[in-house]
Amino acid sequence: MISITAADLSGISPALHLAVAGIAIMLLDALWPMRSKLLSVWITLAALGCSLTTSLHRLTAGVDVTLFNGAVRMDGYAHAFSAIICLASTLAVLSAPKYLRLRGVHLAEYYALLLFSVCGMVLFAAAEELIMLFLALETLSIPVYCLVGFTRTNVYSTEASMKYFVIGAFATGFLVYGIALLYGAAGSGYLVDLRAGAARAPGLFYAGMTLLLVGFLFKIGAVPFNMWTPDAYEGAPTPVTTFMAEAVKAAPFGGMIKVLFVGFGFDAAVGLWQPALVVIAVLTMTVGNLTALVQTDVKRMMGYSSIAHSGYILVGILAASKLQSADALAAVLYYLFVYVLMNAGAFGILILFSHKDKDTNAVEDLTGLARERPWAAALMAVYMLSLTGLPPLAGFFGKFYIFSYAVKAGYVPLVIIAILNSVVSAYYYLKVIVAMYFRGPEDTGRAAVFHYEGYSVFLLAMLWFTAWGILYYGIHSEPQLALARLAASSLFATAP
Amino acid sequence: MIVPSLLLELAPVLVKIFGAFFVVLTLTAYLTLAERKFSAFIQDRIGPNRVGPFGLLQPLADGIKFIFKEDIIPTQAHKLYYILAPALLLVPALMGYAVIPFGDYVEVAGRLIPLQIADVDIGILYVLAIAGLSVYGLFMAGWASNNKYSLLGGLRSSAQMVSYELTLGLSIVGALLVYGTTNLRDIVVQQTAYWQVGSILIPKWGVFLQPLGFLLFLVSAFAESNRLPFDLPEAENELVGGYHTEYGSMKFAMFFMGEYTGMITMSALLTTFFFGGWHVPWLEAAGLSRNVAAILGVGAFCAKTGCFLFLYIWVRWTLPRFRYDQLMKLSWKGVFPLALANVFLTGVCLYLYSRLM
Amino acid sequence: MSAEKVAFFILSGLTLGGGLAILFSVRLMRAVVYLLVSLFGVAGLYILLNAEFLAALQVLIYIGGITILMVFGLMLTGPGQFVNPAESRLKAVAAGVSSLTTAIVLLLIVKKTKWPAGTQALAGDTTAEIGRLLLTDHVFAFEIASVLLLVVLVGVALFVRLARDGGKP
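Going down the list, the protein sequences come from chains S, H and C. Everything in the first sequence is counted per the numbering used here, starting at 1 for the first residue and increasing by one. Everything in the second sequence is counted per the numbering used here, starting at 1001 for the first residue and increasing by one. Everything in the third sequence is counted per the numbering used here, starting at 2001 for the first residue and increasing by one.
Think of the hints as simulated: they come from the structure by calculation, not from any bench. Any given hint could be a false lead.
What follows is a list of derived Cβ distance ranges for each label pair [said to hold, decoys possible]: (1) H:1196 x S:20: 42 to 52 angstroms; (2) H:1310 x S:173: 43 to 53 angstroms; (3) S:57 x C:2023: 26 to 36 angstroms; (4) S:173 x C:2008: 46 to 56 angstroms; (5) S:173 x H:1071: 28 to 38 angstroms; (6) H:1030 x C:2072: 31 to 41 angstroms; (7) C:2103 x S:7: 42 to 52 angstroms; (8) H:1329 x S:7: 38 to 48 angstroms.
In this text, a Cβ means the ideal position worked out from N, Cα and C, and glycines have one as well.
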C-alpha cells in the first residue's frame, strides 16, 4: 500500500519548497555557521520565488488536484492564496537582514522559522479537513510567536511574544473545541461533509461553528478578539511586524473563507454565521479606527488600522457569501493583495530610519522627514494615502470593489458605516503625512536627523516594488482581478 | 452458582497476582543482600554474615529495624506530599510487572492459564507509561522535604527521567518494527522461532535482531532506574542523599524497595524484549509435556532476569558516576541520535527484506 | 448498575472533580496534583472505551511528559501561593457566570443531540488501526505534525540560546 505518490508531492510543491528550504537552512547553519546568514537570505528568497511562480503558473493553468486521500486540495483558490502569501513573505524577508544585523540577532533561524510559518499558511488555505486545518494553523502561528520575541534583550519584544503566545494558544483552544463538536455533529472531518451535521445534530453543529469562528476571529484580530494585536505589533521587531501585518494577516482568511463557504455553506439554516459576522464587522471597523485615532506610535497605530482593515475584508466576505458570486470573492482576494503591498511599504520606511539603539516608531519621529529625505517621505505618503483609500491608488480600488459588491448584495447600511470609517481613518493616516511635510524641528523642539540606518539593497527593492505596485496595480487592476476571479470560481465550484 | 464460577475465574488471577507480588518483594529484599554481598566480593571484603547462615536473614533484620525506627517528619516539610512520595515511587514500580509474561501456558484442571497477570495488547506502552510515573515520587519527595539538597535531587531526577524515558521508548521502536506488535506475549512467542544455519538452529532472539537497540535500551534502563553510573538524583557526595535526604525509617526503605523493584521490572523487560522471555532454546526437541516445559520456562525467565540484576550490581560497583552535563550529553547527543539511526536502519532493512523475500 | 457504569461514574468523577479542584485551589502544587488526577480519569475513560492505545499515550505523554514540565517550573520557582493581586471579586463572578452558562448550554446540547456515531467497540487491535490510518488517510497530517514539532523545537532552542548568550548569539 503506497500512501504518498509522486503526484501528491508534485501537487503540494508550493508548500514543499518552503519546508525543504527551511530544513536546508537549519542544516546549513549547523554545518557552515560562518557563511549561513547571507546564504539563508538567498535560499529563503529562492524558495519563496519558486513557490510564488509555481502557484501563479498553476493558477493560470487551472490546476485543480485533490491530494493525500482528500486531506489537501490545491485548486485555484489555494494557489491564489499561496501566491499572495509568498509575495507578502518575500517583502517581509527583504526588510529583515539589515535590521537584524544592526541588532546583532541576524540568525539563520529567523529565516527557517519564517519559511515554516509560510508553509503552514499555504497549507491552511488548501486544507480540506479539520485536522489538517488545525495543524496548518499551528504551523503558521507558532513560528510567529518565536519571531515576535526574536530580539530577546528587548523587554517589549519578550512581553509581546508572551502575550501573543498565551492569547494565541487560548484561541487555538476554542478552535479545537469547535473542531471536536463539529466532528461529533457531522461524523466526519472533511469540510464538504460538515453541512450534513446541521440537520443531524443542530445544537452541536452551531456550538461547534461558533467556537470555530471565535478561533478564526482571534487570528484575524477582529473585535472583540483583538486585544493582542496592538501589543504584538508594537513589541515585535519591525520586520516581524511587517510579516505579521501582511502574511499572518492574510493567511487566516484563506482557511476561514474556505470553512465558511465550503464547510458551512449559505443555506438559510446553515447561514446563521452571516448575521453574526455583520455585527463583528461593524464592531471591528469602528473600534479599530476609533482607537487608532489616539495612537502616537506608528506601529501601534498600524496595529489598530489592521484591525479596521479586517473589518473591511469581513464586509467583502459577507458580500461574496450573499451574492455567491466569484466576482465578489475576487474583490476580497484583490484587497488582500493590495493590503499586503501597502503595509509592507509603510513598515519598510520605519525600518529604513530605525537606529541601532532606538526604533523609529513614533509619529513624532517622522517630523520634518520631507525636508531631509524627500523620496522616502514621498513613498511613505503614497502608502498612507493608499491605506486611506484615495484614488487613483490601489487601496482605493480595493475598497471600491469590496464596497460596490456589498451594495449589490444589499448591505447598504454596512457600506455606509464602512465608508464613514474610511473617512475617520483618513485622520490618523494623514497625521503621518502632516508630520512629514508640514512640521519641522521647530514644532517638536528637537532636531531630527534622518540617516538611512536600515538601508540595504533588499529594502530598497522592497520599497520601490511596493510603491510601484500601489501606483500601477490600482489602475491596471484587471489582470489581477482576472486571476482572482479564476481562484474564486474554483472555490465556488466546490461550495454548495 | 454464580459465585463459585466467578471464583473459579478469579482464582488463577489472584494466585498469579499474589505470587508475583510475593516473588518480586522477596526478590527485592534479597537483592539488597545480593548487592552487599557482591559489593563485598568486588571490594575484597566479606559482607554481611552475622544474621543467619551466610547472612541470609539479613534482609529480615533490616526490615524489622526499619519498621521499629522512629518515624520523623521534618517540621518544615509539606506533610501530605512528604508521606505520599515513597508510595508514589513504589506503586508504579510494582504495577509495571502486571503485563510482563513470565511463562508459557500451564494446564490446570483442563484449563489453559497464561503465566502472566494481564495479557494486554498495549503491553510495552503500558510498561513505559507506568515507568514514567515513578518520577513523581522522586520529585515529590524532593519538593516536599523543603530542603535544598532534596530539591536539587528531585530536579535532577525529573530532567534525567524525562530525557531517558524518551530514549527508552525510542530504542525499542526498532524492535517493535521487527515484531510488529506491542503485545509482550506475542513478542516472546515470535522469539521462539529459529534460524537454520547449516544444521545449527539459532533462536530468533531480539538481541540478534536488534543489537544496537538492545545496547541503547540497556543504557536507558540503567538511567531510568537511577542506578550508577546514572544515580545523580541521590549523588551522596554532592547532594548528601538527594531526594531522600530527609527520609527515615520505613519511608526510606520504601524508596529502596522502589528502586530495586524498578530494577527487576527493567531486567524482566530486557529479558522479554531481547532474550526470548521464558524461551529455553532447543527445548522443543526434548518433547516435554506442556506443564513441565512451562515451569522450565519460568525458571529460564528468572535466570535471565537474574543475570541482568547481577549486571546492575556489577556495574554499580565498577563504574564511577557521570557528571550531570555528561549524563545529559549522553542522552541527547549520544543515545538519542543512535536510537533514531537504529529506527531508520531497521526500517530500511525491513523494506529491503520484504522486497527480496 | 453494571460494573462498567460504576467505573464510568468513578472515572468521570475523578476527571471532573480534578478539574474543579484545579480551579479552586490556590496552591500551585495542589493544582498540579489535581491535574494529574484529572488526566488519570481521562486515561481511565479511554480504557473504558476500549481505546487502550490512547490511554497509554495519555499517561505517557500528558502525565509522564507535559505535567513533568509544569513540575519543573514549580520546582524552579519555589513553593508559594498563586495569588493574583489584580483579581477582583467582580472578575471572578463574571468568569464564574460565563463558564457556568457555557457549561449549561453545552450540557443541554449534548443531552439533546442524537449522536450519529455508534456505541459499539472497535474491532481488533486499536494500535494497528491507528497506525494504518496515520499512514494512509492521515499521512499528510502526520507529516505536517512533524514539521510543527520541528518548529517548536527550533523555537525553544532559539529562545534558550538567546537567553544564555544574553541576546547576543
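Hints, verified against the model:
With their beta carbons about 46 angstroms apart, residue 1196 of chain H and residue 20 of chain S fall inside the hinted range of 42 to 52 angstroms. Checked against the hint of 43 to 53 angstroms, the C-beta distance between residue 1310 of chain H and residue 173 of chain S comes to roughly 51 angstroms, which is consistent with it. In this structure, residue 57 of chain S and residue 2023 of chain C break the distance hint of 26 to 36 angstroms, their C-beta atoms being roughly 54 angstroms apart. Against the hinted window of 46 to 56 angstroms, the Cβ-Cβ separation of residue 173 of chain S and residue 2008 of chain C comes to about 26 angstroms, which falls outside the hint.
Between residue 173 of chain S and residue 1071 of chain H, the C-beta spacing of about 45 angstroms breaks the proposed range 28 to 38 angstroms. Taking 31 to 41 angstroms as the suggested C-beta distance range, the pair residue 1030 of chain H and residue 2072 of chain C conforms, at roughly 36 angstroms. Between residue 2103 of chain C and residue 7 of chain S, the C-beta spacing of about 47 angstroms keeps the proposed range 42 to 52 angstroms intact. Separated by about 44 angstroms at the C-beta atoms, residue 1329 of chain H and residue 7 of chain S satisfy the suggested range of 38 to 48 angstroms.
Hints 3, 4, 5, counting from the list given before, are not met by this structure.
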